[in-house]
Amino acid sequence: MPILELTAVSKSFGALVVAEDIGFSVEPGEALGIIGPNGAGKSTLFNLINGNYPVASGTICFDGRDVTHQPPMQRCLSGMGRTFQIPQPFERLTVFENLLVAAAFGAQEKESQVTDLCADILVETGLIAKANRPASALTLLERKRMELARALATQPKLLLLDEIAGGLTEGECRQLVATIKRVHQRGVAVIWIEHVLHALTAVVERILVLNFGRVIGIGDPETIMASSVVREIYLGMEV
Amino acid sequence: MSFIDTLLQGILLGGLYALFAAGLSLVFGIMRLVNLAHGDLIVLAAFLILLIVSTLGLDPFLAAVVAAPLMFGLGWLLQYYLLNRTLGKDILPPLLVTFGLSIVIQNGLLESFTADSRRISANAMETASVDFGGISAGVMPLVTFVSSVLVIVALNQLIYRTSLGRAFRATSDDVVTATLMGIRPNSIFAIATGTAMMIVTVAALYLGMRANFDPTAGPARLIYAFEAVIIGGLGSLWGTLAGGIILGVAQTVGAAINPEWQILAGHIAFLLVLLFRPRGLFPRAMD
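As given, the protein sequences belong to chains X and A, one line each in that order.
In terms of the working numbering, the first sequence has 143 at position 143, counting the first letter as 1, and numbering is strictly consecutive.
Position in the second sequence (from 1) plus 239 gives the number in the working numbering.
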């Protein structure tokens, strides 16, 4: 049974169609990459999946249940974690508190039972030295790491990563990819929107291509990157 | 000596104003809700304590202990079923609704308790005083001040040391992201207003024991509360205490010069702060 299944999901803002008849599924523990030009509707798709936007039509099933009309909070509680393209830390909380809130409420645990988990995640994401700093004091890389760390603290079964490698240096990107790989190897399903293709292909098993709110292709990375339709639309050149 | 005496009375009076203000500050800090009925809710709580004292014959302090959970429940219901519906991008609906609530509470109290001026009797404590080498201070103002410090210490513990407090701050920071962490903002807001109503009960206890009150006494209390919060700077509870003290000292100094100037002097101090430090003396929130 797939962990996530979208069937004929559509959404438009006025005349602008941002998602049209989208259907795909992700198996438990799978990693799926999503690529597409700017404005293709990638982040919108995440907003539909996690419930920030209501769908106009279609259904979304998560972990065997229909979550199409559930609020984001409910989807978080049933195991959907998300990071934002522009990190959204709780600025006036410390880094550790950001994780504590996520773990205590997102995983419905007592704070005393999740402190070790939060500390482990901070070690894993390389933020332990900043644990007691206010989140507002973090650099871009640290914010992106904290975004990931906080999503992990909710103990998700499915992790939605939105351009988490964008804007990072080569070395920073490698570290982040290594972290995501470890998380994925522990059995967490990942859907990852990314422009940095080599980071993406290092982790994901399949890639989905989106353009004008439609699925153009889905398949293993080699096939997708070799397909002429994808090269034309995504890379903007004819082959 | 009389100047030091005036100063001490002012500082102690500031404790009462800080109690008026702490609940208002908490609610505004967490959900950016300006509760115009805050003063009337204090008066409502004072009548509730009076009712418990007169029907059950309890000591006022015990009566407040009984009233506090009732007020928590009232605050919770009020927020969950009414005020949460008014929260959004537009700041006008909560102002209008709480203004209406203020009128409803005042008239409800007039209907049930008449316009008579009331007082909660604290017996011997009302007149007891302590002597500090020539300067004497009333036990009641001292107890009020100590209570306000305890309330602020407890609130800070709640906000900075507990899971609920972290949820308060996270929701205050970013409601949308908070829901993605599994937080239910509506119930967090309801608990926050419930907590504010427990502080309101403490404020009402001292209001009722120290002075006369009647159903229309709320709005003036609201003004003092607002002034204390703004003088202190939004987002800092210790700042609110400092704001209350400045207001209290200004009033007693004004009254010492001319009894008619008490209220005026407080408002002038407030206006001066607005003029020279519009963000308050100890601002914390940047919004």
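Since the hints were made in silico from the structure, they are not lab data.
What you are looking at is a predicted structure, and each value in this text was computed from that prediction instead of being measured.
Treat each hint with caution, since some may be false.
Beta-carbon label-pair distances, calculated as ranges [to be verified]:
| id | chain 1 | residue 1 | chain 2 | residue 2 | range |
| --- | --- | --- | --- | --- | --- |
| 1 | X | ASN132 | A | PHE515 | 30 to 38 Å |
| 2 | X | VAL229 | A | ARG518 | 55 to 63 Å |
| 3 | A | ARG518 | X | ASP21 | 32 to 40 Å |
| 4 | X | ARG174 | A | VAL415 | 47 to 55 Å |
| 5 | X | LEU140 | A | ALA393 | 37 to 45 Å |
| 6 | A | PRO308 | X | ARG186 | 42 to 50 Å |
| 7 | X | GLN108 | A | LEU297 | 38 to 46 Å |
| 8 | A | LEU510 | X | PRO134 | 50 to 58 Å |
Backbone N, C-alpha and C define an ideal beta-carbon position, used for all residues, glycine too.
Hints that the structure is at odds with (numbers, increasing): The structure breaks hints 3, 4, 8; every other hint is satisfied.
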